[in-house]
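**Student:** For the protein sequence lines, the chains are W and F, in the order given.
Residue numbers for the first sequence follow our numbering, beginning at 17 and rising by one.
Residue numbers for the second sequence follow our numbering, beginning at 37 and rising by one.
Read the hints as simulated data drawn from the structure, not as lab findings.
Treat the numbers as computed from the prediction; the structure is a model and nothing was measured.
Treat the hints loosely; a few may be bogus.
In silico EDC-like links for lysine to aspartate or glutamate, alpha-carbon gap of 16 Å or less [to be verified]:
1. K231(W) x E455(F)
2. K247(W) x E441(F)
3. K114(F) x D97(F)
4. K124(F) x E172(W)
5. K137(W) x E455(F)
6. K525(F) x D487(F)
7. K418(F) x D402(F)
8. K231(W) x E225(F)
9. K95(F) x D143(W)
10. K442(F) x D118(W)
11. K231(W) x E290(F)
12. K208(W) x D193(F)
13. K247(W) x E218(F)
14. K208(W) x E172(W)
15. K442(F) x D240(W)
16. K247(W) x D498(F)
17. K253(W) x D193(F)
18. K242(W) x E499(F)
19. K242(W) x E300(F)
20. K114(F) x D143(W)
21. K247(W) x E429(F)
22. K208(W) x E192(F)
23. K218(W) x E192(F)
Which residues of chain W face chain F? A few of them, derived with a C-beta cut under 7 Å, are [stated by the list, open to error]:
24. G117
25. H173
26. C186
27. P202
28. I209
29. D227
30. R230
31. I233
32. F236
33. L248
34. G249
35. D252
36. Y259
37. L266
38. T329
39. E337
Glycine included, each C-beta is placed from N, C-alpha and C at the ideal position.
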Amino acid sequence: MIPRPVSRRTALKGLGVSVALPWLEAMGPVTGWAAGADTRNPAPNRMCFLYVPNGKNMADWTPKAEGKGFDLPAILQPLKGVQDELLVLTGLTADKARAHGDGGGDHARALGAFLTGSQPKKTDGTDIRAGISVDQVAATRLADKTRLPSLELGGEHGAMAGNCDSGYSCVYSSTMSWRSATQPLPKEVNPKIVFERLFATKPNAERLAQDARRKSILDFVRDDSKELEQKLGANDKRKLSEYFSALRDLELRIERAEKLPPVKTPDYKTPAGIPANYEEHIRLQYDLIALAFQTDVTRVVTFVLANEGSNKTYPMAGVNEAHHELSHHGNDPAKKAKIRDINTFHTSQLAYFLEKLKGMKEGDGTLLDHSMIAYGSGNSDGNAHNHDDLPILVAGKGCGTFRTGRHIRYAKETPLNNLWISMLDRMDIKVASLGDSTGQLRDLT
Amino acid sequence: MRLFCQFVLLTSSIIAVVIAQCTPVAVVAQPKAAPGFKTDGVAFLKQHCVKCHAGEKPKADLALDRFADEAAILKDRKTWQRVLDVLKAGEMPPPSRPQPTVGETEAFTKIIGDLFEQHDRTAKPDPGRVTMRRLNRNEYNYTIRDLIGIDFNPAEDFPSDDVGHGFDNIGDVLTLPPVLLERYLAAAETVMQKAITPNPPKTPVRGIGTQFTEPASANVPMKNGFRVVLFKPDGTPVETGPIFTRYKVPEDGEYIARATVFAETKGTKPVKVALLAGCAPDAKGVATDAEAEQLAGAAVKSLRPFMVLKTFEVKGRTEKMTDALQADIPAGIAFEKLAVALVKPEEGEPAPTLYVKYISLEGPRDMRPPSHRKLLTCDPKKTPAEQTREVLERFTLRAFRRPIEKVELDRLVQLADRELAKGEKWESAIQFAMTAALVSPKFLFRIELDDRPNSPEPRAIDEYQLASRLSYFLWSSMPDDELFELARKKQLTANLELQVKRMLRDPKAAAITEHFVTQWLQMQPLRNSRPDPTRFPQFDERLRSAMVQETKLFFNEIIREDRSVLDVLNADFTYLNSALARHYGITDTAGNTVGQNAKTRKPGGQPIRGDQFVRVNLGGSVRGGVLTQASILTVTSNPGRTSPVKRGRWVLEQLLGTPPPPPPPDVPELEKDGKPVTVGTLRQQMEAHRQNPACANCHAKMDGLGFGLENFDAIGAFRTKDGDAAIDSSGELPGGVTFAGPAELKQVLLAKKDLYVKCLTEKLLTYALGRGLEYYDRRSVEKIAAATAKNNYRFSALVSELVQSDPFRLRRGTNP
């Protein structure tokens, strides 16, 4: 690895815990809109989807009052500083996470259906199927705008063994992004790799030379592999076409990179790997999302903070029991309190992220003003496994398209996907429907 | 009274809550003799299913009225398997509808099950077809190691592999997302950059002034920057020399030794000096006693072993007239020291004095890595164009694991030629072509090319394909030279059994433990498990890795020593280090325990010290077999307490191959009279809820097995009390089988060894083939299991039978 300037490294000690980061604004603009209010070149809108597993302690999540100046129950307390930037949305439903005759497996379905609005197929391997997810609809449309169409992050590795939830493949409970109904996108858990993917560490000329060589390799392997098809069975051909499709993707990415201005590598210490401390880990990932948005490497990010059904313990929040097992609290008040503590830990981290975005000036506002950060879970109460009345909030003004600082209560059974197509609309992406959506959410603007 | 059950089960690494809300057990009428589908089966369907699942628009697109007779059912096996699954799980009919009794459901599922079983026994054999398998992360690493000769974990940054049917090597399930291809490309570049260095760096020279050489002491005389080596001069008791310096050389290779010297003598004979190389005691050319005796200096003895590189006659007699000595150091001697020694003068000659200014080491002479030389070796008499073909043909044979066609080679040669035309060096051009080969699907996938991909006729795979199936099964890597050679001569099939034995003895066979066993036993979650530190403060990283290591070493012995696979259920040995021995309360290798009665002490035990694992005899101990190993006991527990349900379920799923049905939807809570049930011991709580017939039916099987392991706490330490209450580790299984304690539980399982061996066979066959098993594999599984039993359950018998089975050696086209 080529060493980069380390001018501010000293200031970065203890990074991701409490020290403020030297953001790029201090080093001059990275993008046209970062410089100041330029009406011809306004800052673009970004979307980010954050998923926390096993539902919430809903009594400590849902505000009692609606509209402006709503009350903040315990779990939302850490967000006090950014309350004016929030839209807490009550009453949304992920209907496709329900069994519909498929039996157990609410955790797998909760994440599988969360961004897709499609019923995940019950299988432990061979024929995985859900639907395209909202982030990938956006990524496909915005593909030529940024160096990476989208970024998929995680806070916990995918489970390694067999079926993860009542006959559902582990893919469902560990993956949020679906490029197509049959292609889940793996998430990157290691901040070091995320950083290297975001920011090319090679000088531009070297990178161009490498890209040219890579293109010629890709050309070769494609031509050299065509004739294989004749000697393959139907399933083999499917695998080969998966290979060719990945190959095409890679070629497109290289071609795009040639046309886009080079990305300026931020003065940010390359993360060393996955920190042992979970809080540090997810804050690093949050930092990288902020950097990715700020440098406009991508405008679409998903982040699964922990896998659905995760059995993580949270000793930093005083919880030494496994999350998923606790979530089946059987209405035991002690267990419910611990669930609340886990939920509150996560909203504290969210507050860290939102405040970070809010502190980053961009054009006529802040990065948070130009973002839509959706946060929530596909399970409501972890004990009941219900998928209506989900804990959902959106932060950020979405380039002035959200009237924030409110708690809105929607009619029962309003599809969660209505929120997603409302967000797509605010990225100038018009779709008639996505998954089980029935129309845009009212009253957001 | 309402009673609900809330029990947590292991589904794999993630835990799913499973509440068994089973159909109440009712009094069942004896089924009529020989019930058939057309009578009893159709009656059941009519009563319970076809109200919804029939007609033009059946619910869930499932029309059961289409199936009029047995032939129709046999034709649509997938549908009926699903029907059986939902019925057994109690998912259908939905709760809103009248429910069949358990007896009625069982009778119906038996009719359908028997129908399939009877059909399978007489049907035409079907070896199935494996979908081409992408190399998973481990296979990629090992294959690069064996192909290139560099072991450095290039797959570290790859996303984790998808898992299906319990394993991460299933062809249908392993996907190739764009980000992975990007990593493959980057990894191929890195690998080939390490493997071939077209522009080797200049050979480094490392010199040292003699003031810094050894032996170092204030007494060692220096003169004008020269080290003075004296040989018993008059009036001086000191005999200095030889002088030497140590070198740490990065890799084996040829080096050049140099020294700058002159000598003074009053005699007439030439002064002789030797350059020495410190080397391994068994290096070729190591100095004999006689040779060493020729050399002068007090340090000669301590310098050994060394070899005399060369002896010189020193001509230079002044500081201005020095001699530059030079000698070659051969490769392969484990070179570590360079020394200059005075050769003893002839009898009667006066003592000479040697002056040494400078010692230096140049090398390695060839700065190209060994992989470079190995990959680019070619016939020097050939033209460059022919050399390109030779090198690329040899590489692709191994990388693609088959001989390549002429057109394929032509294309790859063209790619290299284009680089040459651009003015690149030959080495760079080859490097580029090899990089491309490592990104080709021919390398990344294990493709079994087939001239008749659509023909349903079973036929043998070819010998190269067989070599790959064998090597990826037993080594998780590519075939070695011997397998390739047998495949070339078409003699592999004829030598299968011998090859299996050879391969299992190879250290690479540890891949079976590393990748098959850890997945089969579902040990991976142990890496992330966090036992409650307040309850288990003794659990730390050392103990965690010791737990994993114990199970791995245990299996390695089963494989290496070709032991019985029944050892898995109960064995009289294990491997422990001090941390784990302390955890188990075991004090020595004879298996004696803390606080043991002196009369029962077994003799001959050695204490277990340090991190090193030693084999421990467990004869007569409560431990023995995987069920009593801390690794398994911990992964089947909750962070704060044991979970008999998880343990029972683990036994049913992983050892007996009889998984309980998946949990029904709409899980009720564990409460009584509106209040959560939290009082009493764990066992009391569980038994309370099992009094509810709704729960009893499903939990009886799991809980009973799990109770038998209650003597082991949530991290596998032995205990006789849970809090203040005494542990009751007795259990009862359906069918009235009772047992008391872990030892008897193991006997119960050993009595079911047929089930166990069948289960192990199924898991191993799934892993070996890289596909989920189908109904038509049943006969092969039974045959392999039976033959294994006949051969005293030896591990090698299991593997030999497996690799000779139809699904392993044969295949058919996709659409039979």
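**Student:** Hint by hint, where does the structure go against what was stated? Just the numbers, ascending.
**Tutor:** Hints 4, 5, 6, 7, 9, 10, 11, 13, 17, 18, 19, 21, 23, 29 not satisfied by this model.
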